[in-house]
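A.B. asks: Residue numbers (the working numbering), protein chains in the order written: chain A, 1 to 491; chain B, 1001 to 1117.
I should point out that these hints are in silico values taken from the structure, not numbers from a laboratory. Mixed in with the good hints, there may be bad ones.
Claimed, not checked - Where chain A lies over chain B, by a calculated footprint (3+ residues, C-beta under 8 angstroms):
#1 1045 to 1057
#2 1060 to 1069
#3 1074 to 1082
#4 1086 to 1093
#5 1097 to 1104
Claimed, not checked - Straight-line alpha carbon distances no greater than 20 angstroms define the calculated SDA-like cross-link-like pairs of lysine to any residue that follow:
#6 B:1031 x A:168
#7 B:1052 x A:273
#8 A:409 x A:188
#9 B:1052 x A:186
#10 B:1031 x A:164
This structure is a prediction, so every number in the text was calculated from the model and none was measured. We put the CB at the ideal spot given by N, CA and C, even for glycine.
The chain contents come next:
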Amino acid sequence: MISQIPALQVVIPLIGAPLCIILRRGALPWLVALLVSWVALAMAATLLSQVADGTVISYAIGGWLAPLGIEYRVDVLNALMVLLVAGTSSIVLPFAYKSVAKEIPEDRHYLFYSGFLLMLTGLLGMAITGDAFNVFVFIEISSLSSYAMIAMGRDRRALSAAFTYLVMGTVGATFFLIGVGLIYAVTGTLNMADLAERLPPIHESRTVLAAFAFISVGILLKLALFPLHLWLPNAYTYAPSVVTAFLAATATKVALYLLLRFGYTVFGADFVFNIVPSSEVLLALALAGVVVASTVAIFQNDVKRLLAYSSVAQVGYIVLGISYANVTGLTASIVHIFNHAATKGALFLVMGCIAYAAGACRLESFAGLGKRMPLTMAAFVIGGLSLIGVPLTAGFVSKWYLVLGALEKGWWPVAVVILASSLLAAVYVWRVVEIAYFRDPPTDGPVLSDPPLALLAPTWILTGACVYFGIETSLSVGFSEQAARFLMGGS
Amino acid sequence: MEVHGHFNYWIVVVLMMIGFYALIARGNLIKKIVGLNIFQASVFLLFISFGKVSGGSAPIIAEGIQAYSNPLPHVLILTAIVVGVATTALGLALVVRINEAYGTIEENEIAQMDSET
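Whenever a hint applies, use it, and build me the whole structure from the sequences.
C.D. replies: See below:
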């Protein structure tokens, strides 16, 4: 049973999705989704405990051995990603019950949970598979379901946002497919471990260069690196609250994982940083993203949209760490993948709480919420501090390592930009806090209060994670450093 | 530059650019979906061209045949075609709902209506 976990990790959510459609009545689909997600979390924890000492699990799907068959390959890095995805969905789903009941018509609930499980399947599959074409299939499973989920938003703009995402997402996935086709044409294999051995002798080949360009642009579209982020703000703003929280915490993060996997494992660090000037390109785009997206976030009047732009900026930080091409930078990136998932997950759940109580997340509707919804706004403040990178929060740990990595390279101007952009984050978080705490609530509107415990508990679990990982870093930094060394080729 | 031998790849590039252009330049959402389809179809053709072995026969074991074409790209593309059909279906479904919600499927009109509200 234990040896089958890599396959079950993906198969169980996949079976759960049609089960939700069969058991369409009442709360049953939600229960199925919740159970499946918790089982997936337990399996992910087992996987991580198995690979924590540096072993690599290789699983041949259907008994067809690699490199001909599809191989699922689990090491520290993707065990962490699987844990992140399963963990987020396990925390978000309890929140979903009340939030979805409020935001989505009742006759579509079973479709919502079915789509949610497909999204989970796709993201878990992207993280766990060791086959380049299989990655494409899982990208499309997760993307197609997320387009449908975003379109379930209440505002009609959710539809045009979903359409834009569909067009850009499909172009990204197709670019990825072209790249995979090109490396298949020169190597004759699709298995990542096999590719890693066959690509180095032909690194100078024009086909490999073109393949790398297609694959990286495709993945960068998916992870919304500036200036390929145009689909993200509207999609996050108009999607149902639960979908936004889940996507913000996982979808771009799994795409970042793919960037690391293809960059370091498949093409190899030597190719990516010495033959192709990836470091310079990523550095320029990441810095531009951090500064521009943070600045744009300041001028948003919808708080969900503000946080969406902040997500673009935070993706910039993660890519920045990758561009250092050293262990400290890579550690910072992997740590920030987790810390930002916890932070943004918490903040978007706060938005869910506010949407539940007030119906919208416009900035003016925040007036007086500090008094009316004290527990919700307290979670926002802690999440906001983590976004800025204040000590004792998770965001500080990642920024610390980012600055450390920059100084190690001697790139002190980069360190200055990181610190300056934290001030921009402080400005946009402060705008919300100021209105919530220092402006009187409107006298004519309904009196708002904190949402029920079913919504507050998941929000506070993620908020707690922001603080926990800010104080107790041995777990997050320890594993990230191990994964970073593994990628860089050490032990 | 050998043109004739790379005939398939020239078609791939031309189709890809036609599809990509339609996707970017057309404001009508249905036309965008059609562009996306052409774009994807060009990639299908690219994969299938990889699988052709010169002088190779169809990959069915038979007497007297030495060379077979590589069937794996065909199998991959069967999967990709399914994905493409699903994407098109979902895209068209979204266009129908956009038409119901906005009363138009022209991108600029939708953008204008969005900025007004």
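A.B. asks: Are the hints correct? Go through all of them and say.
C.D. replies: Going down the list of hints, with the structure as the test:
Remark: the stretch 1045 to 1057 of chain B is confirmed as covered by chain A, as 3 of its residues place a Cβ nearer than 8 angstroms to a Cβ of that chain, reaching the required three. Under the rule that three or more residues need a Cβ within less than 8 angstroms of chain A, the assignment of the stretch 1060 to 1069 of chain B is violated, with 0 such residues. Under a criterion of three residues with beta carbons nearer than 8 angstroms to beta carbons of chain A, the stated coverage of the stretch 1074 to 1082 of chain B is upheld, 3 such residues being counted. By the rule of at least three residues with a Cβ nearer than 8 angstroms to a Cβ of chain A, the coverage given for the stretch 1086 to 1093 of chain B holds, with 4 such residues.
Counting residues of the stretch 1097 to 1104 of chain B whose beta-carbon sits less than 8 angstroms from any beta-carbon of chain A gives 4, enough to reach three: the coverage restraint holds. At most 20 angstroms may separate the alpha-carbon atoms for a hinted pair to count; residue 1031 (chain B) and residue 168 (chain A) meet this at roughly 15 angstroms. Annotation: proposed proximity of residue 1052 (chain B) to residue 273 (chain A) is violated, straight-line Cα distance about 34 angstroms (limit 20 angstroms). For the proposed pair residue 409 (chain A) and residue 188 (chain A), the alpha carbon gap of about 38 angstroms is over 20 angstroms, so the pair is violated.
Between residue 1052 (chain B) and residue 186 (chain A) the alpha-carbon distance is near 14 angstroms, which keeps this suggested pair within the 20 angstroms criterion. For the given pair, residue 1031 (chain B) sits about 14 angstroms from residue 164 (chain A) by alpha-carbon distance, which is consistent with the 20 angstroms threshold.
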